[in-house]
Amino acid sequence: MMSRTRRRWLAGAAALAGGLAALAGTPYRRAVARAPGAPRSPAGVIDITELARIVTDQEDHVSAIELADWLHAGRPRLRVIDLRTAPEFAAYHIPGAEHITLDRLAFTAFAADETVVLYSELGVHGAQAWVFLRALGLHRVFFLRNGLHEWLDDVMSPTIAADAPAEAKAGFARISELSRSFGGLPRVLGGDPAVVAPVPLARRRGC
Amino acid sequence: MTAPWIETDTTAGALAIAGVTGIAFGAALERAGLGSARKLVGQFYATDFTVFKVMFTAILVAMLGAFWLGRLGVLDLARVAVPDTWLVPQLVGGAVFGAGMAMAGLCPGTSCVAAASGRGDGLAVIAGVFAGVVATGLGFAPLRTLYDATPRGPLTVPAWLGVPYGAVVLGVVAIALIGFRVAERIEGAR
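Protein chains in written order, with this note's numbering: chain A, 1 to 207; chain B, 1 to 190.
Heads up, a few of these hints could be off.
The calculated label-pair distances, taken between Cβ atoms and stated as ranges, are [stated by the list, open to error]:
hint, chain 1, residue 1, chain 2, residue 2, range
1, A, P87, B, L91, 30 to 38 Å
2, A, P95, B, F130, 41 to 49 Å
3, B, A135, A, A86, 29 to 37 Å
4, B, V20, A, R77, 31 to 39 Å
5, A, F107, B, A12, 24 to 32 Å
6, B, F25, A, E59, 49 to 57 Å
7, B, A149, A, T49, 34 to 42 Å
8, A, R77, B, A167, 26 to 34 Å
9, B, A24, A, T49, 50 to 58 Å
10, A, A86, B, V20, 15 to 23 Å
11, B, A28, A, P87, 29 to 37 Å
12, A, E59, B, A58, 46 to 54 Å
13, B, T21, A, A86, 18 to 26 Å
Partial selection, computed: residues in chain B whose CB lies under 7 Å from chain A [what the hints assert, rightly or not]:
hint, residue
14, L60
15, L64
16, F67
17, G70
18, R71
19, L77
20, Y165
21, G166
22, A167
23, V169
24, L170
25, V173
26, L177
It should be emphasised that the hints constitute simulated quantities derived from the structure, not laboratory data.
None of these values were measured; they are calculated from a predicted model.
Quick reminder that beta carbons are idealized off the backbone N, C-alpha and C, glycines included.
Take the sequences, apply the hints, and build the full model.
Now the structure itself:
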């Protein structure tokens with residue numbers, strides 16, 4: 001049986017920890033960024049005019065090559081979010097990606113200074129998630145335009161015709177270097193068959 | 001480096017982690033003397049509040065631990081799964097569970113502890129639990145509507161009440177400490 005004194009010490013410690021908790025702010029590692037005056041719950045506010053402008057100006061998405069550049073350069077405060085199912089994520093995901101499904105996104109904490117890139121199998125869920133996070137007040141959020149397919153096609157297995165113009169070949173050389181840094185396999189179509197090899201791909205279905 | 005350090009999406013991984021934590025939980029229950037049905041039913045007769053005190057202490061330790069580890073950056077709470085809530089079916093399930101616990105004097109966890117320590121009533125309760133699971137499975141069709149009713153997603157008290165996490169932590173600590181005091185006074189008066 002624990003002594004009365006010890007119990008009082010433990011109760012005091014719990015009261016102190018609880019009291020300080022009320023003053024300590026959020027326990028989340030990253031505070032959720034919210035627009036001024038936005039509600040505290042996951043329910044958000046959409047500025048339709050602003051969102052329409054961003055979409056029109058194509059500032060809502062990134063290409064797979066852009067994302068690869070960001071990852072390769074070690075862009076600070078970058079978070080890549082995979083919205084697919086857990087088995088799909090386990091089978092393959094973009095290096096460094098976190099797995100957060102669409103229904104849990106609103107309950108995930110993001111800091112205002114983080115750059116968030118969302119992707120799913122195709123582009124649809126990524127775009128929908130982009131709207132959700134914009135509604136929650138995040139500004140530096142993008143989705144991968146054509147989802148994981150674009151990553152697999154453009155980064156993991158980029159191709160170029162053997163008789164492509166020199167300018168295109170120069171660009172492809174840079175992409176090839178980027179691709180290899182992620183374990184990809186650039187291919188020259190109609191060129192040396194030795195470099196044409198199958199690339200392990202994730203299952204392609206749904207979005 | 002931030003916890004959780006182990007993440008698993010596989011059934012085998014989840015079962016392995018559940019096995020380890022379950023054994024630790026059972027050991028703690030046994031140490032607290034909760035393998036005895038007499039001790040458990042004592043709280044319903046207001047003679048022994050050990051169960052209340054042990055369980056509420058566990059809640060306090062876990063809650064304060066999660067809050068402060070998260071606040072200090074050791075644990076990333078955003079990566080800790082919160083089970084979904086189905087309000088009405090869980091209230092009904094809680095009532096059925098409570099009635100069964102009052103009648104048996106054991107809950108599923110303590111029944112395993114009781115059985116492991118050689119008590120026949122523990123084995124009987126485990127058999128009853130499995131019989132209930134099988135019966136529910138066989139008669140699931142008419143329960144389906146209730147089963148799917150009032151989904152609320154991964155609801156938390158702070159989100160539900162719209163108050164900061166820290167305020168909820170303080171409230172739960174206050175309720176626990178007041179509860180402990182009242183329980184000991186009742187025990188002392190008997």
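Evaluated hints:
Hint check: P87/A to L91/B, Cβ distance near 33 Å, so the stated range 30 to 38 Å holds. The hint said 41 to 49 Å for the Cβ distance between P95/A and F130/B, and at roughly 45 Å that hint holds. Range check, A135/B to A86/A: about 31 Å between beta-carbon atoms, so the 29 to 37 Å window is met. Hint check: V20/B to R77/A, Cβ distance near 35 Å, so the stated range 31 to 39 Å holds.
F107/A and A12/B have their C-beta atoms about 27 Å apart, which keeps the hinted 24 to 32 Å range intact. Between F25/B and E59/A the CB atoms are about 51 Å apart, so this pair conforms to the stated range of 49 to 57 Å. At roughly 39 Å, the beta-carbon separation of A149/B and T49/A lies within the given 34 to 42 Å, and the hint holds. At about 29 Å, the beta-carbon gap between R77/A and A167/B stays in the expected band of 26 to 34 Å.
At about 55 Å, the CB distance of A24/B to T49/A agrees with the hint of 50 to 58 Å. Range check, A86/A to V20/B: about 21 Å between beta-carbon atoms, so the 15 to 23 Å window is met. Taking 29 to 37 Å as the suggested C-beta distance range, the pair A28/B and P87/A conforms, at roughly 34 Å. The hinted range of 46 to 54 Å is satisfied by E59/A and A58/B, whose Cβ atoms lie roughly 49 Å apart.
Range check, T21/B to A86/A: Cβ separation about 20 Å, and the 18 to 26 Å hint holds. A distance limit of 7 Å between C-beta atoms decides the matter here; for L60/B the minimum to chain A is near 6 Å, and the interface restraint holds. Interface restraint check for L64/B: the shortest CB-CB distance to chain A comes to about 5 Å, inside 7 Å, so the restraint holds. Because the closest C-beta pair between F67/B and chain A is about 5 Å apart, less than 7 Å, the hint holds.
With 7 Å as the threshold, the beta carbon of G70/B comes within range of chain A, its nearest partner Cβ sitting at about 3 Å, so the hint holds. Annotation: R71/B was flagged as interfacial toward chain A, and the flag holds, the nearest CB pair being 5 Å apart, inside 7 Å. A distance limit of 7 Å between C-beta atoms decides the matter here; for L77/B the minimum to chain A is near 5 Å, and the interface restraint holds. Given hint, Y165/B at the interface with chain A, holds; its Cβ is 5 Å from that chain's nearest Cβ, closer than 7 Å.
For the restraint placing G166/B at the interface with chain A, the shortest Cβ-Cβ distance is roughly 4 Å, inside the 7 Å limit, so the hint holds. Restraint check, A167/B versus chain A: the minimum CB separation of about 5 Å is within 7 Å; hint holds. A distance limit of 7 Å between C-beta atoms decides the matter here; for V169/B the minimum to chain A is near 4 Å, and the interface restraint holds. Hint on L170/B holds. Least Cβ distance to chain A is approximately 4 Å, under the 7 Å limit.
Below 7 Å, beta-carbon pairs count as interface contacts, and V173/B has one with chain A at about 3 Å; its hint therefore holds. Hint on L177/B holds. Least Cβ distance to chain A is approximately 6 Å, under the 7 Å limit.
Going through the hint list in order, the structure satisfies each hint without exception.
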